[in-house]
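A.B. asks: Same order as they appear, the protein sequences are chains A and B.
For the first sequence, the positions run 1 to 122 when the numbering used here is used.
For the second sequence, the positions run 123 to 244 when the numbering used here is used.
Check each hint, because a few of them may be wrong.
As the list claims (entries may be wrong) - Listed below are the simulated EDC-like cross-link pairs for lysine to aspartate or glutamate, each with C-alpha atoms no more than 16 angstroms apart in a straight line:
| # | chain 1 | residue 1 | chain 2 | residue 2 |
| --- | --- | --- | --- | --- |
| 1 | B | K161 | A | D43 |
| 2 | A | K55 | B | E142 |
| 3 | B | K210 | B | E179 |
| 4 | A | K68 | B | E142 |
| 5 | A | K88 | A | D103 |
| 6 | A | K55 | B | E147 |
| 7 | A | K88 | B | E241 |
| 8 | A | K22 | B | E179 |
| 9 | A | K24 | B | E228 |
| 10 | B | K161 | A | D44 |
Note that these hints are calculated values from the structure, not bench results.
Bear in mind that the values here come from a model prediction, so they are computed numbers and not experimental data.
Number of protein chains: 2
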Amino acid sequence: MKENQYVCLENCPHYNKVEEAKVKEPTRNQILSLSNMFKLFADDTRLRIICVLIKEELCVCDLCEALKLNQSTVSHQLQLLRNSNLVKYRREGKQIFYSLQDDHVERIISQALEHILEEGKK
Amino acid sequence: MKENQYVCLENCPHYNKVEEAKVKEPTRNQILSLSNMFKLFADDTRLRIICVLIKEELCVCDLCEALKLNQSTVSHQLQLLRNSNLVKYRREGKQIFYSLQDDHVERIISQALEHILEEGKK
DNA sequence: TTGACATATGAACAATTATGCATATATAAT
DNA sequence: ATTATATATGCATAATTGTTCATATGTCAA
Chain A
1 MKENQYVCLE NCPHYNKVEE AKVKEPTRNQ ILSLSNMFKL FADDTRLRII
51 CVLIKEELCV CDLCEALKLN QSTVSHQLQL LRNSNLVKYR REGKQIFYSL
101 QDDHVERIIS QALEHILEEG KK
Chain B
123 MKENQYVCLE NCPHYNKVEE AKVKEPTRNQ ILSLSNMFKL FADDTRLRII
173 CVLIKEELCV CDLCEALKLN QSTVSHQLQL LRNSNLVKYR REGKQIFYSL
223 QDDHVERIIS QALEHILEEG KK
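Work out the full structure, taking the sequences as your base and the hints as a guide.
C.D. replies: And the structure:
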């Protein structure tokens, strides 16, 4: 930030509010974890994968077929979801079946959908 | 997808499961709206801005001060949040005060935080 | 052990985007 | 009107990331 940047010299910043705001801010690590998690939801392909996994355990080629995606693309994205423990998987012979780790994911997406739908009404 | 890409020729895809999965998938527009919304949460700076706005209405320079960010950076990010109706604002003289549009945002973030915290325990 | 299949992974490229600088706009005070 | 302040915005740059191709790994069957 430039030193001579003149920002709110008189009334502002409203120190009490600023101090309160600072307290509410999550820790650095929480922010990182949160943004990393949201990054995973922030891509169409991954979001579609997550959404179809909400109700069904599916193997990689099921996902390719259901979403009409390249196998390599699907595997790459599944790796990211795996690394962040959003999905779990089990091998059955040559196939590997993926499913969601827990139901927070579903709740987050339905909250977001509610927001979208309310926006749509306006 | 390459034509000769051999993917699950025998048992797979499990057509009934794939069909069910397809049904659960949100529409193209819903996916776009959802991923756009999550993109906004997927950046450290924006996430910090959102988090401090959860409890406090703040003006731009308050945000700069609370988060130690460049004024230009803050304004750019606020523009994105504004365009997606995640925040609202009101002018009071020379200052412009920002706050969250509704409380879905807060709920989404707390759900995500719950997930993070549970992960932390393992 | 050889071949076929299911999935994973490395590398390269294209596309998106966050940031900071410079500057523009908007408001208030003198 | 002019000046100072508060915020917004266009542009350029650097960094991140999604996709694809090529290939590697792992599993099963013959």
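A.B. asks: Below or equal to 16 angstroms on CA atoms is what counts here, so check A/K55 against B/E147.
C.D. replies: Distance ~10 angstroms between A/K55 and B/E147 Cα, so the pair holds.
A.B. asks: Just to be careful, I want the Cα atoms of B/K210 and B/E179 compared with a cutoff of 16 angstroms; is the pair within it?
C.D. replies: holds, 10 angstroms
A.B. asks: Taking only the CA atoms, is the gap from A/K88 to B/E241 under or equal to 16 angstroms?
C.D. replies: Between A/K88 and B/E241 the Cα gap is close to 13 angstroms, so the pair holds against 16 angstroms.
A.B. asks: Below or equal to 16 angstroms on CA atoms is what counts here, so check A/K68 against B/E142.
C.D. replies: Measuring from Cα to Cα gives roughly 15 angstroms; hence the hint holds.
A.B. asks: For a C-alpha distance cap of 16 angstroms, please report whether B/K161 and A/D44 respect it.
C.D. replies: The given pair, whose Cα atoms are some 10 angstroms apart, holds under the 16 angstroms limit.
A.B. asks: What's the verdict on A/K22 and B/E179, does the C-alpha distance respect the 16 angstroms limit or exceed it?
C.D. replies: holds, 13 angstroms
A.B. asks: Check the hint pairing A/K24 with B/E228 against an upper bound of 16 angstroms on the C-alpha distance.
C.D. replies: holds, 12 angstroms
A.B. asks: So if I understand the rule, the pair passes when the alpha-carbon distance is 16 angstroms or less; does A/K88 with A/D103 pass?
C.D. replies: With a Cα-Cα distance of about 12 angstroms, the restraint between A/K88 and A/D103 holds, given a limit of 16 angstroms.
A.B. asks: What's the verdict on B/K161 and A/D43, does the C-alpha distance respect the 16 angstroms limit or exceed it?
C.D. replies: OK: B/K161 and A/D43 at ~8 angstroms, within 16 angstroms.
A.B. asks: Has the given pair, A/K55 with B/E142, been kept, meaning a C-alpha gap of at most 16 angstroms?
C.D. replies: holds, 9 angstroms
Going down the numbered hints, you'll see the structure goes against none, and every one checks out.
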